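Number of protein chains: 2
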Amino acid sequence: MTVKGELCFIGIVEKAGEDEAKIRVFPDYCAGLKGIQDFSHLIILYWIHLRDKEEERQTLVVFPRRHMVNVEKGVFATRSPSRPNPIGLCVVELLKVEDCVLTVRELDALEDSPIIDIKPYIPRADAISSARVPEWTMHGPKT
Amino acid sequence: MTVKGELCFIGIVEKAGEDEAKIRVFPDYCAGLKGIQDFSHLIILYWIHLRDKEEERQTLVVFPRRHMVNVEKGVFATRSPSRPNPIGLCVVELLKVEDCVLTVRELDALEDSPIIDIKPYIPRADAISSARVPEWTMHGPKT
Chain A
2 MTVKGELCFI GIVEKAGEDE AKIRVFPDYC AGLKGIQDFS HLIILYWIHL
52 RDKEEERQTL VVFPRRHMVN VEKGVFATRS PSRPNPIGLC VVELLKVEDC
102 VLTVRELDAL EDSPIIDIKP YIPRADAISS ARVPEWTMHG PKT
Chain B
2 MTVKGELCFI GIVEKAGEDE AKIRVFPDYC AGLKGIQDFS HLIILYWIHL
52 RDKEEERQTL VVFPRRHMVN VEKGVFATRS PSRPNPIGLC VVELLKVEDC
102 VLTVRELDAL EDSPIIDIKP YIPRADAISS ARVPEWTMHG PKT
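Just so you know, the sequences run in chain order A and B.
Residue 2 is where the first sequence starts when you use our numbering, and the numbers rise one by one after that.
Residue 2 is where the second sequence starts when you use our numbering, and the numbers rise one by one after that.
If we strip away everything but chain A, and leave its shape as in the complex, we get:
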């Protein structure tokens, strides 16, 4: 079995910002956006490029202090950007599609983060309002 996968970057965060961010999809991949305007929300997978370092990728436990908790948690039980594969996942509202640029709301990625995938948000698969979470996740930022 192979133990590695290779990602290509399909776009970039051209402008960051929670209120309004811009994602530019590279020309080679732009045809993949056809029909995307029919969805109000998208799931953005991006590469947390500033954490793509050996040390960050070896992180397996963290103290989620942003959530005011000082107890050790496994990275797979948090949305920590330091993790074996520095993939960020964010549900965004799609405001506008113009050529190869998506304008979105609530993107938590930093400027220049490479985009690795865009998926339509489909509530019957993706929305679990009743999901149970530990109390610490209710403090501080959403993720």
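Treat the hints as calculated values from the structure; they're not laboratory data.
Where hints are given, some of them may not hold.
One copy or two, it doesn't matter: identical chains are merged, so the pair holds either way.
List of simulated lysine to aspartate or glutamate pairs, EDC-like, C-alpha gap at most 16 Å [stated by the list, open to error]:
no.: 1; residue 1: K5; residue 2: D53
no.: 2; residue 1: K23; residue 2: D100
no.: 3; residue 1: K5; residue 2: D113
no.: 4; residue 1: K16; residue 2: D113
no.: 5; residue 1: K35; residue 2: E73
no.: 6; residue 1: K5; residue 2: D29
no.: 7; residue 1: K16; residue 2: E107
no.: 8; residue 1: K97; residue 2: D39
no.: 9; residue 1: K35; residue 2: D100
no.: 10; residue 1: K23; residue 2: E99
no.: 11; residue 1: K97; residue 2: D20
If you're wondering where the values come from, they're calculated on a predicted model, not measured in any experiment.
Please arrange chain B on chain A, whose structure you already have, making use of the hints.
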């Protein structure tokens, strides 16, 4: 700017099945599961290994026939497994954690699919019940 990212596989789908699937996290990454049992749902990112081929990764438009629609859609407007980066995303219910094995419900990955990330599902970030979708997504499988 680099245009590629490298993924390590952190686990594998040991047993497929919508009712009950098993994900084995490799020993090197098992410490990352600490505290995961406090969440009822997880987001699983997996490598769609059977589509990790040049031709599948060059796919930019598809006909989502599983959804009884015969109109061309961009891959980023569908959950097609053929796409530039063969990453599958699935929200699952966590039934049991035993050593390095997660037992989950509703996983849509095939057996032997490598796991690339596990994230806790946090409704205040991830659940958008009111998200708008085109009519064709309501037919056939959820994704």
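Index of numbered hints that the structure contradicts, given in increasing order: none
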